[in-house]
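Asker: Okay, here's what each chain looks like letter by letter:
Protein chains: 2
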Amino acid sequence: VAYSQYKQNKADMKEIVQLRNYMAEPITPIDQLEKNPDDMKTQMELLILRIQAEFCKALEKEEDQAWDDEKTVDDYDFDNDIFLPSPEAKFKVDRWQRKEGGGGITCVLQDGRVFEKAGVNISVVSGTLPPAAVQQMRSRGKKLENAELPFFAAGVSAVIHPRNPMVPTIHFNYRYFEVRDKDGVQWWFGGGTDLTPYYLNEEDAKHFHLTLKHACDAHDDTYYARFKKWCDDYFYIPHRGERRGVGGIFFDDIDSPDQQSAFKFVTSCAEAVIPSYIPLVKRHKDDAYGYHERQWQLLRRGRYVEFNLMYDRGTKFGLHTPQARYESILMSLPLNAKWEYMNVPKPNSEEEKIMKVLKEPRDWLNLEKAQRAAA
Amino acid sequence: VAYSQYKQNKADMKEIVQLRNYMAEPITPIDQLEKNPDDMKTQMELLILRIQAEFCKALEKEEDQAWDDEKTVDDYDFDNDIFLPSPEAKFKVDRWQRKEGGGGITCVLQDGRVFEKAGVNISVVSGTLPPAAVQQMRSRGKKLENAELPFFAAGVSAVIHPRNPMVPTIHFNYRYFEVRDKDGVQWWFGGGTDLTPYYLNEEDAKHFHLTLKHACDAHDDTYYARFKKWCDDYFYIPHRGERRGVGGIFFDDIDSPDQQSAFKFVTSCAEAVIPSYIPLVKRHKDDAYGYHERQWQLLRRGRYVEFNLMYDRGTKFGLHTPQARYESILMSLPLNAKWEYMNVPKPNSEEEKIMKVLKEPRDWLNLEKAQRAAA
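So the protein sequences, as listed, match chains A and B.
Mapping of the first sequence onto my numbering: position 104 corresponds to residue 104, and the numbering continues sequentially without gaps.
Mapping of the second sequence onto my numbering: position 160 corresponds to residue 160, and the numbering continues sequentially without gaps.
Derived by calculation from the structure, the hints in this document are not laboratory data.
Incorrect hints may have been included.
Since the list can't tell identical chains apart, any single copy or any two copies may satisfy a pair.
Straight-line C-alpha distance at most 30 Å; calculated DSSO-like pairs for lysine-lysine [claimed, not checked]:
hint, residue 1, residue 2
1, Lys-359, Lys-182
2, Lys-206, Lys-57
3, Lys-346, Lys-90
4, Lys-316, Lys-359
5, Lys-264, Lys-35
6, Lys-61, Lys-369
7, Lys-359, Lys-99
8, Lys-264, Lys-57
9, Lys-99, Lys-346
10, Lys-356, Lys-99
11, Lys-359, Lys-92
12, Lys-356, Lys-316
Please work from the sequences and hints to get the whole structure.
Answerer: This is the structure in structure tokens:
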């Protein structure tokens, strides 16, 4: 019975409690999660706990392999016949509580061999939305009473800054929101995954976009095209007239066709992160590079900081929340960044090549051509 | 006659055209400046041209001395019996025009021996204020018609990031503003000078504040105390609960007791920059430091970036202006910055000492004690 139940849950994309696999204990007390297994609040918390753990472990595996050549007989565990992992190659895990309700788990790996700074954060919070936040949601089209309203939010968010400039930075975030007013509860999902390469590799960009497209297509075949454009529009640095990276998908306010289907869609997207990104890490983490490429990477990381501090809604919303855990919000910033006055890439250089794509987003999967052919 | 006129001008703090001393040609055509010598627009443009040149030359002198040990006989100019200056130790000068009216002169010295990045910028611009900017001024208490209004603005602004962590970063900005509505022209001055040390040196902080206080006291003996507090309040990073540095002075909307007196006050402040700062550079530019101090400096530079991109009114106003020259606005950002997750200074360390001052601003000149004694 247990096994067929497990299989059924998998087929339904229903999350079950897997305490031993998570990076830390769930935020909500376990008995409460077990009492309400079908509540979307439970389902989302279990999803983000699982996604966080799977992603951290996938990154640690890359990091650990990179430390292999450092290993000596002292690191060998004879009882279990394995090499002990390098402590520097492991995520530091901080489980934190929020006074107003809820909390989070922040996992950060800093100064690794493969990853210069990797942050994977989940938070499950509830409380009362200040009127300004309600106002902002109303301005986005939500029909909500104009008052302080109780809310629930659960999300996973990660930014990975690799050391090798040939490995792109990835960011993703998937979140679920509930607000209650006199007419009842409103809920919606939001999220996205996007890639920021320092040097353009078209195959990588195509692989990344294709993986995201597959995750979208399984649910709604209009999603990828819409959310790809939304991503290009969102990650835009107006004062420079350039995008943060080569895009991906981005969406908000998803509340259709129904809650279970929307959850399955978000699950597919979150599960697509590893297959979209880890192959690029494996492919390029040992690529050759020199001082020049590192300098360029640092300059581009400066642009990443500009976008996140000036335009990212999540960062601004987070930091303007009283008693915000700013260390978790700002873990998205790179370990190192650089600002040079008037740095202009040389004509026909590799640096100019990526700049062109950032100024003029590409149709990576040739969707327009395919549409024209179909018409 | 010429000499007594010159002496009189000096006594009046009246600016005269000194073409040969400026970093580049004035922004306004010279005949126009010469036709309206007493117009405040002319006076302010000449002031900022002079301040820019004097400050750049004072910094170049420090830089040049640092390159002395590199000099060989090839760098010797036998005709003039001097060593040629090192080209790396000189400001790069960009004179730029703005399509809508006016322009600026941006001077940047990057990757020097003493200064990692030094930017000294002037701009003299005119045009039409968008309604949002007028609205913002009205909300600050200005009685202005609610419409698009013609304006004039002239200002000098500088940020100096030295290489040695024992030398503080300095920022200053002095500006003059005119707006015309149906009731006539309104004008005001704004500005300030503030210091951001990486390690606390109380003598330095006192010298800095005392120099600014002298500049203020000559005009109004309530200015220093008021503008010191304004500075502490302004350079505040709310999400971290800390200030950017040890303060200085900051003011806006100065339109009393009369235009000439306000101009003289701003002139005194701008002239106080060199004596407040250059002695600190000379004192510490060859101080010993190591990897640890450099890392701390880079982390603190990350905070500088956070303040400038998220909270600084000038940066935000500038970057949101259509066709802003973002390279001139962002020259304030350090060449290198760092963000570490959960960096907390060790108890009783030098790093903790400066953090305490940033969380709790000090009364550097013991004014409160002096006031109590006087009462």
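Asker: Between the shortest in-copy and the shortest cross-copy C-alpha distance, which are at most 30 Å for Lys-206 and Lys-57: within, between, both, or neither?
Answerer: For Lys-206 and Lys-57, the Cα distance is within 30 Å only inside one copy (25 Å; across copies 52 Å).
Asker: When Cα atoms must be at most 30 Å apart, do Lys-359 and Lys-99 count as within-copy, between-copy, both, or neither?
Answerer: between (43 Å within a copy, 22 Å between copies)
Asker: Checking an output row: Lys-359 and Lys-182, CA cutoff 30 Å. Within, between, both or neither?
Answerer: neither (46 Å within a copy, 42 Å between copies)
Asker: Checking an output row: Lys-61 and Lys-369, CA cutoff 30 Å. Within, between, both or neither?
Answerer: neither (39 Å within a copy, 61 Å between copies)
Asker: One pair to classify: Lys-356 and Lys-316, alpha carbons no more than 30 Å apart. Within, between, both, or neither?
Answerer: Close inside one copy (28 Å) and across copies (26 Å); limit 30 Å.
Asker: When no copy is specified for Lys-264 and Lys-57, does a C-alpha distance of 30 Å or less occur within a copy, between copies, both, or neither?
Answerer: within (23 Å within a copy, 65 Å between copies)
Asker: Up to 30 Å between alpha-carbons, please classify Lys-99 paired with Lys-346: within, between, both or neither.
Answerer: Between copies only: 26 Å across chains, 52 Å inside a chain, cut-off 30 Å.
Asker: With identical chains treated as interchangeable, where does the CA-CA distance between Lys-359 and Lys-92 reach 30 Å or less: within a copy, between copies, both, or neither?
Answerer: between (37 Å within a copy, 27 Å between copies)
Asker: At most 30 Å between alpha carbons: which applies to Lys-316 and Lys-359, within, between, both or neither?
Answerer: both (24 Å within a copy, 22 Å between copies)
Asker: Evaluate Lys-346 and Lys-90 at a C-alpha cut-off of 30 Å and name the case that applies: within, between, both or neither.
Answerer: Between copies, since 23 Å is at most 30 Å while 39 Å is not.
Asker: 30 Å Cα cut-off: does Lys-356 pair with Lys-99 within a copy, between copies, both or neither?
Answerer: between (46 Å within a copy, 25 Å between copies)
Asker: Is it within, between, both or neither when you check Lys-264 against Lys-35 at 30 Å Cα-Cα?
Answerer: Answer is within; shortest intra-copy Cα gap is 22 Å, inter-copy 74 Å.
Hints 1 and 6, counting from the list given before, are not met by this structure.
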